Amino acid sequence: MKSPLKVAAIALAATLMSGPALAQIEKPECVAPAKPGGGFDLTCRIAQQGLAPQLDDPMQVTFMPGGIGAVAINLFATTRTDDPNAIVAFSSGSLLNIATGKFGKWTEDDVRFVGTAGADFGAVVVREDSPYQTLDDLMDAFKEDVKGVVVGAGGSVGSQDWMKAALLLKSIGEEPRAMRYVAFDGGGDAIAGLLGGSIQAYMGDVGEMVPHLGAGQMRILALMSPERLPEPFAEYPTAIELGYDAEWTILRGFYMGKDVSDEAYNAWADAFKAAYETEAFAQIQKEKGLMPLNMAGDELDASVKKRIANLRDVAREAGLIE
Amino acid sequence: MADRIFAAVVLAVVLGYGIMAFAVIKAPFQYDPLGPETWPQILTVAAALCGLYVLLKPDVSVMTMTGGTGIRLVVTIGLLAAYAWAYEPLGFIVSTIIYSAAMAFMLGGSAGRAIAFGVVSGVAGYLIGAWLLDLNLPGGVLGDWA
Amino acid sequence: MDVISGLSSGFAVALLPLNLFLVLVGCFAGTLIGSLPGIGPINGVAILLPIAYGLGLPPESALILLAGIYYGAEYGGRISSILLNVPGDAGAVMTTLDGNPLARKGEAGRALSLSAVASFCGGTIAVILMSLFGPLLASFAVTFSPADYVALMVFAFASLASLVGKNPIKTLLGALMGLMLATIGIDANTGVARYTFGIPDILAGIDFLIVVIGLFGMAELIHMVEVQVSGKLKLLPIGKSFVSWRDIMTVKWTILRSSLIGFFIGVLPGTGASVASAVTYGTEKRLDPDGGRTFGQGNIRGLAAPEAGNNGAAGGAMVPMLTLGIPGSGTTAILLGALLLFNVQPGPLMFEMRPEIAWGLIASMYIGNVALLVINLPMAGLFARMLTIPQKYLTPLIAVLAFIGVYSVVGNPFDLYMIIALGLFGWVLRKLDFALAPVILGFVLGGLFEDNLRRALSISGGDWSILVSSGNSIVLYGLAVLIVAVPVWLARRQRSRVATDG
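Protein chains in written order, with our numbering: chain A, 8 to 329; chain B, 16 to 161; chain C, 48 to 549.
FYI, nobody ran anything at the bench for these hints, they're computed from the structure.
Please read all numbers here as calculations on a predicted model, not as lab measurements.
Don't take every hint at face value.
Stated by the list, open to error - In silico lysine-lysine, DSSO-like type, Cα no more than 30 Å apart, as pairs:
1. A/Lys-177 <-> A/Lys-150
2. C/Lys-152 <-> C/Lys-213
3. A/Lys-177 <-> B/Lys-72
4. B/Lys-72 <-> C/Lys-478
5. B/Lys-72 <-> A/Lys-112
6. C/Lys-213 <-> B/Lys-72
7. A/Lys-34 <-> A/Lys-312
8. B/Lys-41 <-> A/Lys-154
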């Protein structure tokens, strides 16, 4: 645990360095569009702890579950469009929901993406005693008979988890619709299914594999990150380096309403950028099981919008949307 | 009669449910042979049969209720809806004081006692809920100090 | 490390003054939180997690506190079920069926103390089984495939056949309504939205909590108003009743059976206290020598079964989390998050790498169960006094508590309207002699049944024979047949015996 004195010192230093622009965020709030305890809660906690030195008031985390985040985006696209003090957590799953129209009429143009909390990546996992010792083994099995391997993950058709499997199959020119895919209710159930032999390959996340490393039950065949990750994942190859063009980055970050003043938007973006420079933020990120993917302000907004456009193409190709 | 009316309402709802199950719900593609529509279709058929049975062979003939009771129940629902409506804008304390006092008054408490009860439940509820247990309750009009 | 040395080192951790104090605080706070309608274990732990984290406690102490809250809330859930006929959470629904009639007979103290004993036995049996066979059970639990869950649901439905009231068609229609309610929201297999009509608030489906609070809590409130204003109100007698040794002897086999069944169901990922309490209640009613006629009128077996069952399940759900790192229920998912928050990696390695946490937590459960019994027995009389609150004040209090429960977790005013609408619906059903328990059970079991059936069929590529291709499922189908057939056979044998005697 860090000492309060140290926190105070960092806070003081940050306040002195950052200048007056930050003073205008009052009673900051992070909205987690889900129930307490899940990934969005975690995302907000990173902002709460990581931005504490940059903000004058302590940040409050509030929960707004309902409709996989649709309730929150609905509110921020209709009534709280110019709230300068609140940020809402999002993940790649939210972006996918925007791309596939799950949020109804609300799109990426109704919000402004302001900062990231970090990233996680897809992972291709099999049981330790699986006949598939390498990703090549698994992919060869797919090439031989695309229905020969039962793939499972924690999300429905069209979810991020399904996307990972679909991208992997597309990288060898197979049709995602042709595979055998089982949608479990969350990663825990899917891992149980893998260990119990109901499914042969699991499309998981790198972060959730941490507790299972070295336990001798599961084998990570490949990571779906753009490049190799730091320890404890340094030994695992990426799918891309093995010659399969399948990458899935789970981005976690925050958006605001679209009518927020540039002043307030930049104040938040600057707070994020200042936090990214600190060792403390990197530490919090690591504690919460995320890897650094630090980006804020207009750069992030543009990047996310491009990402959503990509997702829309993938979803259209897969037949998820017209 | 009451049973029949209820069965008719149920059948109407089931009809709507069934129309959606048979004509609207469809996945772009699916990996299981049933898809999202089969289970609702089965439920539609079963519920329709049960509804028809109740319609033809009802066993509760009357919903005994005097007019006065009916009015009080409508007031009860109205007060609940108003409580829900005022929960966020007025905040927990104020809305709870008003709702509790009004309910206690309607159920036969004297005005003074009803108001006292309302104040106690609103303030004590907030102290226990928001301060002791750290629950998320709306501050509303008292938001700045509550 | 073997069980004995592990446990003794665990007790050394759990009996440290600070940890002992935290177990007691956690159990007490959990009981209070659980007794509020609408706030069950899952919300209690989720809400208090940040506080526990913020206190800066060492990880094992913080987890002991959270586990105490979890257990306490599971105990506390029965209090409002018994006294007010308003279940605190989905796992406490079945407790209303016989608990509340007992309270109405003036035996609230007896019902509360008996259920505390049943909860204690369920919880303790679960912890003992967990310390002895934890890893073994967990490796069995993961072999439970989606097809086996289908069989388990069939068994659950079969054991619930006993809930059929005087009008079987109405019971069936009630269950179908629950099943239909459960289809609202995004389909777990294909991601298609069903019956959401573009309302974002129900896109992810209707929460169990909302249905329970609405159908039971708010319907009870409307019913109370009706009874009171129509002048039919009878003052409830408050006897100084307490559980007797004879009571405990009467229900000892019920408690043992229910604890085991509950524990087993809890160990399986995906099924928890609500399924466990339903199955145990149904099983006891089917096995009742009197044919279950007094169930629902204050039968102490009908009270003991679900309470032993849901506490057994609460313990069982810890098994896959601790030994495999797989959460078996919503609450253990949050506890898992708490472990990660403290940089503790649950899973097979936890017992080797952080034995003080793994065994300390288990030892604290033994202590917690004893503490809960000690706290709850004397409080039974105190809680029973709640019934002396005049109805004109008790009625609005139910709404205030229900609103706190629903709003504080979800923070969405839409849910407040939902519980009012569901309450009105539930009241109409009650007026028309529909039992409400089948509605809620249809709601709980329906989603599990549909999702797992379709999961099984996507594994097999559409081949239905997968449903009967494992030992687990064949055993469960066999049990389902037995649970329907045995009572019929018992009744026939009794009839023939009466005939030969007479």
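Now for the hints, and whether the structure bears them out:
1. A/Lys-177 <-> A/Lys-150: holds (11 Å)
2. C/Lys-152 <-> C/Lys-213: Between C/Lys-152 and C/Lys-213 the Cα gap is close to 22 Å, so the pair holds against 30 Å.
3. A/Lys-177 <-> B/Lys-72: At roughly 58 Å apart (the allowed maximum being 30 Å), B/Lys-72 and A/Lys-177 break the hint.
4. B/Lys-72 <-> C/Lys-478: holds (17 Å)
5. B/Lys-72 <-> A/Lys-112: Roughly 47 Å separates the two Cα atoms, so the pair is violated.
6. C/Lys-213 <-> B/Lys-72: With Cα atoms ~14 Å apart, C/Lys-213 and B/Lys-72 stay inside 30 Å; holds.
7. A/Lys-34 <-> A/Lys-312: Distance ~29 Å between A/Lys-34 and A/Lys-312 Cα, so the pair holds.
8. B/Lys-41 <-> A/Lys-154: Roughly 23 Å between the alpha carbons, so the hint for B/Lys-41 and A/Lys-154 holds.
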